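Colleague: Residue strings, one per chain:
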Amino acid sequence: MNILAIFKREWRAYFASPIAYVVLTIFALISGYFFYSLLAFFSLSSLQATTNPGFGQGLNASEWIVRPLFRDIAITMLLLMPAATMRLFSEEKKTGTIELLFSYPIRDWELLLGKFLAALALYSAMLGISLLDIAMLGSLVTLEWGLILSGYLGLLLLGMAFLGLGILASSLTENQVVAAVGAFGVLLLLWVIGWSTEAAGPTLGPILSHLSIINHYDSFAKGTIESRDVVFYLNFTLLCLFLTLRSLESKRWRG
Amino acid sequence: MIEADRLTKYYDKHTAIRNVSFTVEKGEIVGFLGPNGAGKTTTMRILTGCLPPSSGTARVAGFDVLTDSLQMRRRIGYLPENVPLYTDMKVTDYLAFVAEVKGVDRGRRRQRIGEIMDKCGVAKVRQTLIGALSRGYRQRVGIAQALLNDPEVLIMDEPTIGLDPRQIVEIRQLIKELAGQSTVILSTHILPEVSMLCHRVIIINNGQIVAVDTPENLTAGLQSSTKLRIRVEGPVNQVGMALTQLPGVLRVVAEDEAHLPAGQAGAQAGETTHSFVVESERHCDLRREASRLIVERGWGLLELRPADMSLEEIFVRLVTKEAQEARA
Ligand SMILES: Nc1ncnc2c1ncn2[C@@H]1O[C@H](COP(=O)(O)OP(=O)(O)OP(=O)(O)O)[C@@H](O)[C@H]1O
Ligand SMILES: [Mg+2]
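Residue numbers (my numbering), protein chains in the order written: chain A, -12 to 242; chain B, 106 to 433.
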């Protein structure tokens, strides 16, 4: 099974270089810090709520901790994932190993999928780390697991979009830094265009809002999985993978 | 086994190869010769499906490189020019990966990898990271990955470059053993290698094929004259004159004995050793006549041997002839 062979090689390559360790450690630190500060703020607020009767009724941990944590995780991923995808094709192009790969009986899409799934596995491992925080929280307070599930589903879909764009960038250049900065820049742009939708006017506004990669996450954060948001992320990912295939083909054409 | 039909490849406007056509029969070893930038690598890339031609077609192992690329790629082994390997993998892990993507049966994989490692002499570095291997060992791993799937067609871009003399002999032996079962096309800059290994030679220059023939025919066919190299002890002018008068001689060129100290040469006043190259008509063997002449005159015959045109000379002549024609 070629996809599996490529997947295994890429997965090992992540851990043969410092990339996987760096990305996993930094993610653990940052998400742990976010979690800790949210938890501290939450307990402080709960304390105030119990001593001050006018201050809201029973604070909800899912809303006060989990939801903002997921948003922080999404931003952290935006920063980190380009580093995880940058070498996937760039390095092969730079070192020439892609020439040998192209001479093996592997279809381009098998190659692409193997690499994509390896990156997705790394991403899932990162989400797994954050799950430890959530599990710990779950042992302290009662959580709405439905909300958490939909939050993770959203993060997974969002991550696929990040990875798709990252791989596309990697297939377009043989310079890893260019691939990482390019992917990061485009993702950030797609993130921030959601902020200016009101100012953009009645025609452009909804378009920008639709393109904004993070606006589609809102429904998952609320625990209501909307099919159009699922479709958006899947389409976005597929488009990126499709363009990557074209880019690989043209790599063959240009040599 | 390999049929190239009018292959042409442009890089932007630059033409890398133009109308390259040739065929290679099953079991043949064919050498690909040409100066730097002649288009050898480009042609090989096209044959391995890494690079599509701008025009023309090629069939390798019975499958079109463009339309049946996958089938074709199952049946070939390729050693690219700079042996690009994954430097972050150990040799065994790398070969296991290649065996898997090349579709070697799961059950046979371990055994096959072991065999190939022994054959290519990389068994003792099996647990070394490829990035830590010397150039020669990397080359061997490159050859090993090419051979893993028992390819019907083996395409090797400068397979012996960077190897030490002993390794070169071993690798050549390995390639020779493949003849008959596999079809091999290899490029090289080492001309004696071609006469040693190859059944046929394709000489390419400036992206075009200049000659396709056996090494023997090439050396014989291009020689317009027979040459003898003679070292004689005697007066240079008289010896030269005498040799010129032999039947069938076209030209006699005396070669300077530059290594003799000037004083010594002067002291003996022309009575010393000289080398001559005697060029005579084709198929005219002057060895008997020349030796008799020299001995009869009482000079010393120190050396007499045919100075055949080497493949180097043939190559240079073909390639420069092309260049001159192109300029004209
Ligand atoms: N990727 C590329 N882009 C542009 N031009 C190229 C490219 N690859 C090769 N060329 C050009 O095509 C021509 C043929 O190159 P090729 O690498 O096939 O030569 P070669 O015979 O293998 O030479 P060498 O003996 O140095 O390996 C050269 O003029 C080279 O500059
Ligand atoms: Mg070359």
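Some hints here could point you the wrong way.
Distance ranges between label pairs, derived from CB positions [stated by the list, open to error]:
| id | chain 1 | residue 1 | chain 2 | residue 2 | range |
| --- | --- | --- | --- | --- | --- |
| 1 | B | Asn322 | A | Met(-12) | 31 to 37 Å |
| 2 | A | Ile6 | B | Tyr115 | 37 to 43 Å |
| 3 | A | Met(-12) | B | Lys118 | 38 to 44 Å |
| 4 | A | Leu136 | B | Tyr116 | 51 to 57 Å |
| 5 | B | Leu279 | A | Trp178 | 43 to 49 Å |
| 6 | A | Trp178 | B | Ala228 | 48 to 54 Å |
| 7 | B | Glu321 | A | Leu226 | 57 to 63 Å |
List time: in silico DSS-like cross-link candidates among lysine-lysine, alpha-carbon distance up to 27 Å [said to hold, decoys possible]:
| id | chain 1 | residue 1 | chain 2 | residue 2 |
| --- | --- | --- | --- | --- |
| 8 | A | Lys(-5) | B | Lys195 |
| 9 | B | Lys195 | A | Lys81 |
| 10 | B | Lys118 | A | Lys81 |
| 11 | A | Lys80 | B | Lys195 |
| 12 | B | Lys281 | A | Lys80 |
Looking from chain A toward chain B, a few residues come up when the C-beta cut is under 7 Å (computed) [claimed, not checked]:
| id | residue |
| --- | --- |
| 13 | Asn(-11) |
| 14 | Arg(-4) |
| 15 | Ala3 |
| 16 | Pro5 |
| 17 | Thr84 |
| 18 | Glu86 |
| 19 | Leu87 |
| 20 | Phe89 |
| 21 | Ser90 |
| 22 | Tyr91 |
| 23 | Ile93 |
| 24 | Ser183 |
Source of the hints: derived by calculation from the structure; they are not laboratory data. Quick caveat: nothing in here was measured; it's all calculated off a predicted structure. In this text, a Cβ means the ideal position worked out from N, Cα and C, and glycines have one as well.
Colleague: Give a verdict on every hint.
Modeller: Going through the hints against the structure:
Between Asn322(B) and Met(-12)(A) the CB atoms are about 49 Å apart, so this pair departs from the stated range of 31 to 37 Å. As the Cβ distance of Ile6(A) to Tyr115(B) is approximately 38 Å, the hint placing it in 37 to 43 Å holds. Distance hint check for Met(-12)(A) and Lys118(B): the Cβ-Cβ separation is about 43 Å, which falls inside the suggested range of 38 to 44 Å. A hinted range of 51 to 57 Å for the beta carbons of Leu136(A) and Tyr116(B) is consistent with their spacing of about 53 Å.
A beta carbon spacing of about 56 Å between Leu279(B) and Trp178(A) contradicts the range 43 to 49 Å that was offered as a hint. Here the CB-CB span from Trp178(A) to Ala228(B) is close to 53 Å, well matched to the stated 48 to 54 Å. Glu321(B) and Leu226(A) have their C-beta atoms about 60 Å apart, which keeps the hinted 57 to 63 Å range intact. Taking the CA atoms of Lys(-5)(A) and Lys195(B), the gap is near 14 Å; set against the 27 Å cutoff, the hint holds.
In summary, the hint linking Lys195(B) to Lys81(A) is supported, as the alpha carbons are separated by about 20 Å, within the 27 Å threshold. Our distance criterion of 27 Å between C-alpha atoms is met by Lys118(B) and Lys81(A), whose separation comes to about 23 Å. Note on Lys80(A) and Lys195(B): the hinted pairing holds, with a Cα-Cα distance of about 21 Å set against a maximum of 27 Å. Straight-line distance between C-alpha atoms of Lys281(B) and Lys80(A) comes to about 33 Å, which puts the hinted pair past the 27 Å bound.
Hint status for Asn(-11)(A): holds, given a least beta-carbon distance of 6 Å to chain B, under 7 Å. Taking 7 Å as the C-beta contact cut-off toward chain B, the hint placing Arg(-4)(A) at the interface holds, the least distance being around 5 Å. Satisfaction of the interface hint for Ala3(A) is found here, the shortest Cβ-Cβ separation to chain B being roughly 4 Å, below the 7 Å cut-off. Checking Pro5(A) against chain B by beta carbon gives a least distance of about 11 Å; that is not within 7 Å, so the hint is violated.
Annotation: Thr84(A) was flagged as interfacial toward chain B, and the flag holds, the nearest CB pair being 4 Å apart, inside 7 Å. Interface hint status for Glu86(A): upheld, as the beta-carbon distance to the closest one in chain B is roughly 5 Å, under 7 Å. Hint status for Leu87(A) relative to chain B: holds, with the closest Cβ pair at about 6 Å, below 7 Å. With its C-beta approaching chain B no nearer than about 4 Å, Phe89(A) sits inside the 7 Å limit, and its interface hint holds.
The criterion of a C-beta within 7 Å of any C-beta in chain B is met by Ser90(A), whose closest approach is roughly 4 Å, and the hint holds. Given hint, Tyr91(A) at the interface with chain B, holds; its Cβ is 5 Å from that chain's nearest Cβ, closer than 7 Å. Taking 7 Å as the C-beta cut-off, the interface hint given for Ile93(A) holds, the closest approach to chain B being about 6 Å. The restraint placing Ser183(A) at the interface with chain B is violated, with a minimum CB-CB distance near 41 Å, outside the 7 Å limit.
Checked against the numbered hints above, the structure violates hints 1, 5, 12, 16, 24; every other hint is satisfied.
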